[in-house]
Structure formats: C-alpha cells, structure tokens
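Engineer: Each chain, letter by letter, is given below.
2 protein chains.
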Amino acid sequence: MPAAQNATLVSVALDAAQAPPLYVQLFEQVRDLILSGRLKPRQRLPSTRALAKDLNVSRTTTLAAYEQLMSEGYIEGREGSGAYVAAMLPEDLLLVRTRSDGVAFNAQALDGIDDREEKTQILPFNSSGQDVRLFPFAEWSRLLAKSWRSPRPELLHQQRGFGHLPLRRAIAAHLRELRGVECTAAQVVITSSAAQSVSFLMRTLLGRGDTVFVEDPGYPTIYRALEDLGAATVATPVDAQGFTVPDYDRPSPAPSAAIITPSRQYPLGMTMPLARRLEVLNWAEATGTWIIEDDYDSEYRYVGRPLSALMSLDRSGRVIYVGSFSKSMFKSLRLGFIILPLALIDRARDTLYTLGTSASANAQPALAEFIASGQFAAHIRRMRRIYSERQQSLREALDTELAGLLEVPRQSAGMHLPVFFSKELAARISDTQARVLLAGADVTAEPLSPHYKEMKPRQGLLLGFAAFAPDEIRAAVLRMAQVLK
Amino acid sequence: MPAAQNATLVSVALDAAQAPPLYVQLFEQVRDLILSGRLKPRQRLPSTRALAKDLNVSRTTTLAAYEQLMSEGYIEGREGSGAYVAAMLPEDLLLVRTRSDGVAFNAQALDGIDDREEKTQILPFNSSGQDVRLFPFAEWSRLLAKSWRSPRPELLHQQRGFGHLPLRRAIAAHLRELRGVECTAAQVVITSSAAQSVSFLMRTLLGRGDTVFVEDPGYPTIYRALEDLGAATVATPVDAQGFTVPDYDRPSPAPSAAIITPSRQYPLGMTMPLARRLEVLNWAEATGTWIIEDDYDSEYRYVGRPLSALMSLDRSGRVIYVGSFSKSMFKSLRLGFIILPLALIDRARDTLYTLGTSASANAQPALAEFIASGQFAAHIRRMRRIYSERQQSLREALDTELAGLLEVPRQSAGMHLPVFFSKELAARISDTQARVLLAGADVTAEPLSPHYKEMKPRQGLLLGFAAFAPDEIRAAVLRMAQVLK
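Chains as they are written, first to last, in this note's numbering: chain X, 1 to 485; chain S, 486 to 970.
Hints in this document: simulated from the structure, not taken from any laboratory. It is possible that some hints are incorrect.
[Claimed, not checked] Reference excerpt, derived from the structure (chain X facing chain S, CB under 7 angstroms, subset only):
#1 Val-132
#2 Ser-141
#3 Leu-144
#4 Arg-149
#5 His-157
#6 Arg-334
#7 Ala-361
Backbone N, C-alpha and C define an ideal beta-carbon position, used for all residues, glycine too.
Next comes chain X alone, as it looks inside the complex:
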C-alpha cells in the first residue's frame, strides 16, 4: 500500500505500561486522527496484519481496535477487502471533539468497554448459537421490507395480545408437523425469549414463593430469573435419562411447576426416553404440577428422527411448551414462544393485560412468512447437515488430540458438546481455571461445574461447535491440547 496513504498512522504510539488496553489506545488514537481530519474520509487504512507488524503488537490488538472503529462508524469495509475511513461521519461523532470534559472522556472510555461487551469476537467454542455467516440475510431483509411497506393497522397497535396472528399460525403449523404437538394458533403466545417465557408463565401459574422444580445441572440463567421472581426453586437431580421424578409424597405447596429439557437435557445433552416421559406425565397429573417443556435445540438431531415433544404425549393438559428462535434464527432477534394448554389461555390473557408484551412486532410478520413459505424449515435442514459435520470434526479432533484427558459422550444432536475431565485432568485443574487458561489461547470454553446447583459438580466443558468451520474447530482443539496437556 502506498506510504502516503497511511503515513498518518506513523504518529500512532502505544504504551503497554499505560492503563487502557492497547486496543483501546489504538482505537482512540486512530479515532482522533479521523476526527482531527488528519485521516481523510474514504482514505484507506493499513491492513490489521501490516499495522500489527508496524506497531509490533499482536494482530488481536489491531483487529479489536478496527472492529471497534467500525462498529462506531469511524471506518468502513470488512476484513480482507480492507478498511477505509468512513465516507460520512455521523454528526454526533463530530460533537465528541468539542466535548473534552470529564464526562465525555469518561463516557468515551465506557463506550469502549461496553462496546467490547457487545461484540467480543466469537471464538471457538463459544456456544452462543448458530453460524450467522450462513443465515440468508438477503432474503430476511427482503421479507422485513415487504412486511413494513404498508403494514396492517393491527400490527401497529398490538401490545397486550398474544402476538401477530399469522406468526402464531405459522408456529402452530410448524410445531404440529415437526414436533407432533397438536396445537392451534390460539394456544401460541409470542414472547421475547425463553427466559421471558418462563417469567411470563411463573406470573401466570404461580404466586410468589411457590415451588419450581429445576434440573440440576441446568440453566444458571433460569435459576437467576426464578430467584428474581421470588419463586422457591428445588434443584432436582438429573440421571442418565434426564429429570428424575421427585418423591410423590414430597410435601410441596401446590400449585408448583417443573422446568425440564426432555429433548436434550441442558447442559448434559441426553434425551429423555419414552418410559421416563410417561413417568413425568403421571407425576404431573397426580401432583397437579405444571410441566414447562423447554424444547431448546430440538431442531438439531443428526441421527434418526427427532422425538416428538413431551407435550404431544400429554393427555391431562399439564404440559406447557416453550420454544425460542435464538438458536434457529439468531439471538438478537429476541423472539420466543409458548404453546399453552387450552385451559390456560384465559389466565395468560390476564397476565398479558397486566404486563403487556415485550415482544417487538417488528420481525413478527417477516418471521411468519419465513416459516410459512418453508424457508425456515429449509434453513434448519441445511444447518442440520452442516452442524452434524462440525460435531463430527470436533469429536474426531478431541479423540485424536485429547484422548485420556477429556471424556466425550456419544451424542449426535444439538449445537454444543459437553466433555468431561478425566480423573487425571481434574486432579490438575478445575474447569473454571481451564476456562481462563483456554481464553489465553483464544479458545472460549464454558465450564460445566457452575451449571450445578446443589448436586456434586462434575468438571467439564461445554463446547459449542455450531458457529465454526471444521478447520477452525481443528485449530482450536490443537490450541486446547497445548493448554491442557
């Protein structure tokens, strides 16, 4: 790249001794060069590689700085095609120059921190979802535009209702077909996430202090949400078949509820066999317990047909189905849903009347068409093939590189693989320590033990493979091996 073009970056000087991380220093100095006009709009910037070399810092540092400059609108372009100073800077950026008082500076720094939170690069084996690089955004954007060009009035006013009716119809049809759940749109409530579905159901079903049975190990997020709602959670052990039915005589204030993951236990990943399912349903009917079936990841089963949902076996109307689009679409969509037994529809309407909905109407019509037109199912099928290969790559790499250190259960479903520490490894290191060491090697690995509430925790890691190509997976496993051996 001609020297003239990035000569201005010669003025950049980073000091590892100073408080702000190097990437923040770099981000701030380049930003100032742009705001002061010494870097001109549309001017090309050196590649992150070249710049890292010039400044003698790691490429992670230059990448992080560029990512932040990009996300704040100072520079444009993507890795590969190169980065340029933004053609037009939002006016409010220019204001920053004039605001050199403590607040602005302080806030600027905070922006940095917060911004990082938002967009930390997704490293293997982050389990936060699907490979968004493979999502059909062109089509998605077309559907959004179409649905808002001249929206029906009801789309603009709905606020205390169950959600956009065409979406509820599409979900009902999808669930009937793929999960065997006999339901109609009238039973579907659109929510903003699985967690919001649970808190919505708590408010609909239970009073403060009522008992909620949760799986142990399970979702820390759900534990927190329940505590936040003032529910009395009862940790219930999980065995090889999943949720273990509590003692019938166990004194528990009715009404109570249990939140379980029969399709694929979270985090351990086993599927609840039919016999156990019937046992759970009998218990629910006998004790008047509501069963909240969290059907997360059910789309991704790589061997054989997916089992029908627990709700499809329910004859007593005690099962409530909770689903989400965070993993089948993308997390920030913030759309989930509940399938209610008919008997609960009126109570749910009262809850909505009191609390209103937090589900935005914005994406609902587009999602309705995405599902009804079959594109959603097609996307899932495509991802299923891809994720299956990726899980295979992960297992093979682990068997080759980490045999003896990690125990890898035979699972062919889901978007993450739980692996357990061998005695030898567990003796050397805890899974939470491992997380820190692995982070140093650009490997994200969620420790298993924090998912235990009262049971004796097992040491292990949850490895999300869905978002990473086979070569990314193999490379990351090699880095893991170096750290753990």
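Assemble chain S onto chain X, guided by the hints.
Structural biologist: Showing chain S alone in chain X's frame:
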C-alpha cells in the same frame, strides 16, 4: 353488484339467539364458504354496507367480521376498494377444514376473540398513540431492509448489552439537542418499553419492599408493574404544578425512588414549573431519592419551546430519564430507552447481565439511521403541526357541543386532552358509566377516575385526538353530545 357474484352469501343466516356474537357467526359462515370452495379465490364480496342491509344487522357487525376474515388471510382488499376472497389461502388455513374436533373448533373461536383484541378498530378518542396513517412506512421499510442485508456480527449476538451503539449515540444526540440533557451513548440503555424501563430500574436501584413514590393520579400500568415487582408504592398527590414533594421527615426506607412526569403530568396534563422542579431536585438530593423522569409526550408541545428535561437541571446525579418510541413512532415497535446518571452505569450492566435484554435488535439499526438522518425529528415536527390542529378542533367542538357539561382545561401539548365532568353531569353519571354508553356510540373515552390511587377521584375523560382527522373528531364529539346530554 351483479347478483351472481355474491349469490353464495344468500346461504348465510345469523341467529342473535345463539351464543357466539353475530360477527363471529358471520365470520365463521363466510370462512366455511371459502374453505368449502363455494366462494372462489379472487371472487368479489358484497360491501359491508350492502351485506349489513341484506342480513339486517348493523354495519359494525359486518365490518368486524370482514376485519377478522382479512386479518386471518381469508379475504383481501380494504374498505372502500371492496373485499375479495384471497387469491391464495395459507396452507394451514386449509388444515382447519380437516380439524373439526372440539379443540380446533374451540380454538378457532378463541382465535376470533383474541384476534378481536389485537385489532379492534381504533375509534376516537382512543389515546393509544399517533396517527399511523401518517407514518413514513416506505422509508422505514427501506431502512429495515438496508440494515439487515449484511448486518454486523455484533448486531446478531448482542443480548446482555445496553443496545445497538449507533442507536444509543443517535438517542444521546437527539436528547442533547431537543431536551437539553447532557448525556453520551454510554449512559443510554435500550429497553422494550417505558414499563420495562421502570422494572429494569427497580431491579437496578431497589430491593423488594423498598418505597416508590408514584403520582396520584398516575399510570395504572405503572402501579401494576410496581406491585408485580413487590415494591411498596406510596401514592403522592398531584397539585396544579404536578408532583408534590413529600414531607422531608416522612420516615421512608432509603434507598427509595419517585416516578414523575414533569413535562406533562399523566393523566392531568399540566407542566411542572421551574420552582417545583428545583424543589423536587433538592428533596431528591437531601433524602437520597432516585427520581425517574418519565418524559412521555414531551415531543408534542404546541405553544412555545418545550421545557428542558428535569435531568438537564440535575446536579447531584439523582435523576434518571425514561423515554419511549411508542408514541413518537408506533406502539408495537416496543423500543424505549433509559438515560442513566454516570454513577449507575456499572450497576445497570450487572442487571443486564443477570436478566438479559428484552429489546429486539431488529429495528435498532433502522431506528438509529431514522434518527441520525434527521427523519425522526422531521416526522415529529410534521406531526406536531397536525396534532396541534387536531387538539384545536377537539377543543372547539367540545366548547360548541358540550359547554356546561365538560370542563376543558387550557392545554396545548400532548396527544390527549383530559376533560372534567361538570357538577351537573357528575350528578347524573360516573365517568366509567359514560365510557360504556359512549362505546355504544362508537366513541372510545378512557375514564379519568381509575387513574386515582388513594386521592378522591375526579370524574372526567381522557380524549386522545392525535390519531383522528378533524372531521372524525367533530363527528365523534357530536355522538358524544347525543349520549351525554
């Protein structure tokens, strides 16, 4: 219209003696004609007027039935241009035919009910928001499409952050300019509504049972949300200047908070003068009370410059600003925001980490550009002129038609006008009774008295004028007069 074309509707027979409302009977019979193929795709239907005449029912009935058929995709077209059988019926509709079991039928009826909730025609003087007929949806749809064609990764993963940074920057700039609030993006948290903002702040600031001062009269929704969170609400009288500062010595467990509406008291509509604002700020500083400033409707002031927000006067960092886009954009967008004092940023981050956000990322980049490009401000300016005329039309019509019965305060702001019953009218009828009678005349009027919590309620009505053209307003006032005289 040629007889042949709607001959099939001759078979329709409604029975007022039967349980389902007439519009549901009509909806179901037309639906069956369509599903059975006796009404062909693209076939024209009689106008709601003609059909009402044929069937000897009110036009409201035929309108309601058509609205429901339309919203469920059985028929197309709009009032005026006439209605047609949909060219293509969603496949799941066809399933309905084969599902004549109790569940399906029952659920179908429930759909009807729920659907009505969603899309009850917005009648004057519904105060649920702006005139969506005037919103630039073509542009909005363009921005949505643009923002999702190739979204930045951070847009897809953000879940526990403060929201989309460009939107936070745009809001901060907008607030600095229009409301005089010295803030930066780092202080902005994107939420899904004002109510969610309040519950988010309660979780950030207070523990269960802490005291929250609320205005009386005020927002029933907020009362409910607070009770739901287990806060101890203290109803605080509102006088001619708005929120009255509680007795300093009043024993109240710190930390506590007060939720107030200084720009325009809800529901009474007066603006808090400077002296009272300073009094409130002194009280907050002296007692360590958090002030949550709900700045609803502040965009709409028709005489003089809008007063700066209370937060802009705050020197002790006790004021938290809460805003929403429900009225400036449209309700179902479900986007609101909080401006935090710098001192609260870290605590808010913890809350978000625990609870996650319910604000969808879907509309955030589009809204960011809508604001940053100045289109939002332009839309507000345009609406301001229009709403000002409408408020004028309403006041004039009320003075002409209902002088002596209703007392109309001199207000030139907001999207609704509170009117008070004269002694004579109050002696004849309560505002809640009036609501029912007016509904019979296709007039929606929210009664004032339910907004009082402990204070002696005044009888009155809240008349939303923003969503209705002057002639709609005058016609509705005439209907009001007939009912109330």
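Engineer: Are the hints correct? Go through all of them and say.
Structural biologist: Evaluation of the provided hints:
| no. | hint | result |
| --- | --- | --- |
| 1 | Val-132 | 5 angstroms, holds |
| 2 | Ser-141 | 4 angstroms, holds |
| 3 | Leu-144 | 4 angstroms, holds |
| 4 | Arg-149 | 5 angstroms, holds |
| 5 | His-157 | 6 angstroms, holds |
| 6 | Arg-334 | 4 angstroms, holds |
| 7 | Ala-361 | 3 angstroms, holds |
The earlier numbered hints are all upheld by this structure, with none contradicted.
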